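Participant: Could you put the whole structure together from the sequences, leaning on the hints where they help?
Next come the chains, spelled out residue by residue.
Number of protein chains: 2
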Amino acid sequence: MLGTGMVGRTLGAKLRELGHEVTMGSRSGDNPEALAWAEGVGARVATFADAAEGAELLFNATNGGGSLAAIDSCDDSALDGKVLVDVANPLDFSQGFPPSLSIVNTDSLGERIQAAHPELRVVKTFNTVSAPVMVQPSLVPGHHNLFLCGNDAGAKAQVASLQQTFGWPAEDLLDLGDITMARGVEMYLPLWVRLFGAVGTPNFNVHIARG
Amino acid sequence: MLGTGMVGRTLGAKLRELGHEVTMGSRSGDNPEALAWAEGVGARVATFADAAEGAELLFNATNGGGSLAAIDSCDDSALDGKVLVDVANPLDFSQGFPPSLSIVNTDSLGERIQAAHPELRVVKTFNTVSAPVMVQPSLVPGHHNLFLCGNDAGAKAQVASLQQTFGWPAEDLLDLGDITMARGVEMYLPLWVRLFGAVGTPNFNVHIARG
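Quick mapping for you: the protein sequence lines, in order, are chains A and B.
Numbered according to the working numbering, the first sequence spans residues 22 to 232.
Numbered according to the working numbering, the second sequence spans residues 22 to 232.
Hints were generated in silico from the structure; no laboratory data involved.
Here chain A is said to cover these stretches of chain B; the calculated rule only asks that three of the stretch's residues, wherever they fall, bring their Cβ under 8 angstroms from a Cβ of chain A:
no. : region
1   : 121 to 128
2   : 156 to 166
3   : 197 to 208
4   : 214 to 223
In this text the structure is predicted, and so the values were computed from the model without any measurement.
Even glycine gets a Cβ: it sits at the ideal position worked out from N, Cα and C.
Facilitator: So, in structure tokens, the structure goes:
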């Protein structure tokens with residue numbers, strides 16, 4: 022798990038609950054607060070590079086602005102052929118609220134990670150819902166959708182299987198296509214932020230109703 | 022109705038069906054194809070300026086790239102105090118498919134129209150669904166949402182009333198706030214385009230499911 026913030030911890034705790042071994046990666050690898058949290062759920066804490074080293078599956082749960090640096094700090098051999106679940110959004114809060122996107126329109130964070138690391142199999146997903154909903158979709162009643170995109174069909178299938186163990190029904194997982202589709206799901210964030218304000222809870226999601 | 026393309030015609034026909042007088046505005050005001058179509062539904066055709074002149078309610082259904090020029094060509098006196106329903110999206114197909122946005126991230130077409138014409142009361146809405154769904158929301162089963170934003174509460178209420186006569190239940194109309202919220206709904210379009218590809222029909226829409 023690259024990133025020890027709220028998103029990384031929520032995903033990490035769920036993975037531990039499901040019996041997976043989890044190493045939380047951070048820049049320093051010895052943030053006391055992250056260490057204390059990790060102890061509580063039985064996870065380890067390490068640098069980004071050390072966390073990636075032994076991992077079967079990588080999650081990018083860093084801030085969008087720090088994602089490339091975090092992944093770049095890992096050895097190529099620790100990334101080679103692995104699936105990276107890119108959960109991050111390139112939100113820019115430097116001008117206050119609402120945030121803009123630091124990568125947008127003709128590019129996306131997902132594409133940039135995939136282009137910088139062709140040895141990774143990047144799957145962009147989870148970035149359109151709040152952390153609690155990622156790991157407990159039943160917080161939102163009824164059917165609602167989670168989007169996946171990436172260049173590797175096997176990687177998407179692997180991630181979709183894991184999402185089903187989180188409680189996401191297979192029929193609610195929507196494969197949008199290759200990694201360029203990350204533009205669509207990242208550019209949804211400005212609407213997500215406004216919907217959060219309008220509905221008054223982070224426990225919401227879109228359901229694609231179709232005729 | 023500023024714009025005689027598919028969106029303008031779909032909205033114009035619905036307004037005629039509901040008994041409203043409709044003047045379709047175009048650059049030339051005498052496009053033969055638009056004239057033939059207008060005759061069929063009992064609408065008039067005029068220049069943008071002439072269409073705006075006698076209108077009680079204005080719709081911007083032009084291409085996003087031509088919207089400001091179309092509105093600029095109207096006399097200020099023909100716009101003063103009027104509600105303009107901004108249906109357009111600043112889609113840029115110059116680099117092919119999928120389109121990017123020509124105004125994005127820290128600005129939006131809706132904001133730009135409002136800033137250029139403070140005498141108008143701009144309501145951004147309808148831009149997140151296909152034209153058939155705009156005027157016949159029952160094409161998509163179940164509850165699904167239409168977003169409105171704008172600086173004038175009275176204008177939004179007037180547009181919401183009209184939308185209810187189109188078949189939109191009041192509870193499905195979601196007021197996101199002021200015109201800066203146009204960024205969110207316009208930046209949803211890149212996802213809309215990809216969803217269209219994934220679900221295989223333009224008759225779809227998002228329902229905001231909430232916990």
